[in-house]
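S.K.: Take these sequences, add in the hints, and give me the full structure.
Each protein sequence line maps, in turn, to chains U and F. Under the numbering used here, the letters of the first sequence match residues 75 to 312, in that order. Under the numbering used here, the letters of the second sequence match residues 2 to 162, in that order.
These aren't lab readings, by the way, just hints derived from the structure by calculation. Everything numeric in this text was worked out from a predicted model, so none of it was measured. You may find that some hints are simply not true.
Chain F is nowhere near these chain U residues, computed Cβ spacing over 10 angstroms in every case [as the list claims (entries may be wrong)]:
| no. | residue |
| --- | --- |
| 1 | Trp180 |
| 2 | Asp187 |
| 3 | Leu206 |
| 4 | Pro232 |
Simulated restraints, written as ranges between beta carbons of each label pair [to be verified]:
| no. | chain 1 | residue 1 | chain 2 | residue 2 | range |
| --- | --- | --- | --- | --- | --- |
| 5 | F | Arg84 | U | Leu83 | 52 to 58 angstroms |
| 6 | F | Ala115 | U | Thr252 | 24 to 30 angstroms |
| 7 | U | Phe236 | F | Gly97 | 23 to 29 angstroms |
| 8 | U | Leu99 | F | Ser136 | 32 to 38 angstroms |
| 9 | F | Ala61 | U | Trp265 | 29 to 35 angstroms |
| 10 | U | Trp241 | F | Ile82 | 26 to 32 angstroms |
| 11 | U | Leu83 | F | Ser144 | 27 to 33 angstroms |
| 12 | F | Ser145 | U | Val295 | 49 to 55 angstroms |
| 13 | F | Ile82 | U | Pro178 | 16 to 22 angstroms |
| 14 | F | Ser108 | U | Leu82 | 46 to 52 angstroms |
| 15 | U | Trp184 | F | Asp98 | 33 to 39 angstroms |
| 16 | U | Leu83 | F | Asn116 | 14 to 20 angstroms |
| 17 | U | Ile170 | F | Ser130 | 36 to 42 angstroms |
Every residue gets a Cβ at the ideal spot worked out from N, C-alpha and C, and that includes glycine.
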Amino acid sequence: MIKLSQRLLGPVTLVSLALTFWLGLWVTPPDVVQGDLVRLLYVHPPIAWVALYVSFGTATIASCLYLWPRTRSDVMDRVAYCAMEISVVFIALTLITGSIWGRPTWGVWWAWDARLTSTAILGVFALAYLALRRANDDPAVRARRSGVFAILTAINVPIIHFSVQWWKTLHQGASVLTSNGTLNVHGSMLWTMLLGFIGFTLLFFWLLRYRYRLEVKRDFVVATTVDEALALRRREGV
Amino acid sequence: MVDLEASAPLSPIDPPAAKSRSSRRSIGVILVLIALVVLLLSQGLLSSLNYFETVDQALAQRGSLGTKVLRLEGVVEPGTIVRTNAGAAFTLTGSGDHHVFVTAHGSPPQLFQANIPVVVVGHFVSSTSAYFVGSQIMVKHTSSYIAAHPNRVRAPNGTSR
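M.R.: Below you can see the structure in the form of structure tokens.
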């Protein structure tokens, strides 16, 4: 069952994303105010969802599980690292697609409002996490430090989420995860956007799976190289 | 009998130099990133947690604001937009019966129209004036997305069929 779902992950991701793009570009109607600019709705919010909640969330949960002695394992550390790496890509995509949407709608590529600035800060935190991992070669120390760092920086995620409610921002409020539970996206636009959420979430897990495999192989190569080097030194010595 | 001490250079390769160089570089990168966070905080969050002042707030604080540059938010009143060579002139309304008369330079954004909330960067002409000179117009669109139905017929009572 697990193998089947793993095999299906790639094709289902591809189909759901292709369907999102087809519905978003050709089937859904233009918006009453934004016209065809609304088609970025099917890309930008799902990418931001993956960047903030899915990938950064996975990295944070995996870090918590690593730091908790009962669930501590290399698997959790690797998952946290791989998820954070993917998070960097999705945060960058969030800022890029947001800028592309912001230029024709707001009239500016960038605004120093609380939502945009706090998202940029999250991107810097994610980069700092990756830099921190390179600062120490001891796997246990590296995993512990980066785990603590990931949990501390995750405080920024609810700040980003609620920034549009707490402060006056140029960025509009929530359309789906609203404080009163109402949906501000209508009809086929809503379903297409939700399909985008599913597609990009599946894309994250597909990327995570392959990035994790790569990390396992990399660890194996590093361990093998060290072992071989030691064996070579011993042979040279005798 | 092999004399290990004499025949084999068993002293390990010395990696700490490269390692410490790599660590120093990583710490340097982290310091740069920390500086970037501080810069972002000072540029964005700390200086403008609230990105704009509403028309009502700005008019209430007009005396203290004087001719200081601020971001003013309000809804573009229908029938007041006049396109000029330099930009546009229009009236902004607040939640109450407050109005600010705006003359903005530069081309307005694509979505600029009547009844849409906008944020104008600029300043009041004086501490008692309701005239505002803007250098940039930004459209603050809502989070509602409604399909456009160009073929729908609008009934005399305002409903669409």
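S.K.: If a hint holds in the structure, say so; if it doesn't, say that too.
M.R.: Tested hints:
no., hint, result
1, Trp180, "violated, 5 angstroms"
2, Asp187, "violated, 4 angstroms"
3, Leu206, "violated, 6 angstroms"
4, Pro232, "holds, 14 angstroms"
5, Arg84/F - Leu83/U: 52 to 58 angstroms, "holds, 53 angstroms"
6, Ala115/F - Thr252/U: 24 to 30 angstroms, "holds, 26 angstroms"
7, Phe236/U - Gly97/F: 23 to 29 angstroms, "holds, 27 angstroms"
8, Leu99/U - Ser136/F: 32 to 38 angstroms, "holds, 36 angstroms"
9, Ala61/F - Trp265/U: 29 to 35 angstroms, "violated, 44 angstroms"
10, Trp241/U - Ile82/F: 26 to 32 angstroms, "holds, 29 angstroms"
11, Leu83/U - Ser144/F: 27 to 33 angstroms, "holds, 32 angstroms"
12, Ser145/F - Val295/U: 49 to 55 angstroms, "holds, 53 angstroms"
13, Ile82/F - Pro178/U: 16 to 22 angstroms, "holds, 19 angstroms"
14, Ser108/F - Leu82/U: 46 to 52 angstroms, "holds, 50 angstroms"
15, Trp184/U - Asp98/F: 33 to 39 angstroms, "holds, 34 angstroms"
16, Leu83/U - Asn116/F: 14 to 20 angstroms, "violated, 46 angstroms"
17, Ile170/U - Ser130/F: 36 to 42 angstroms, "holds, 41 angstroms"
In terms of the numbered hints stated before, the structure departs from hints 1, 2, 3, 9 and 16, listed from lowest to highest.
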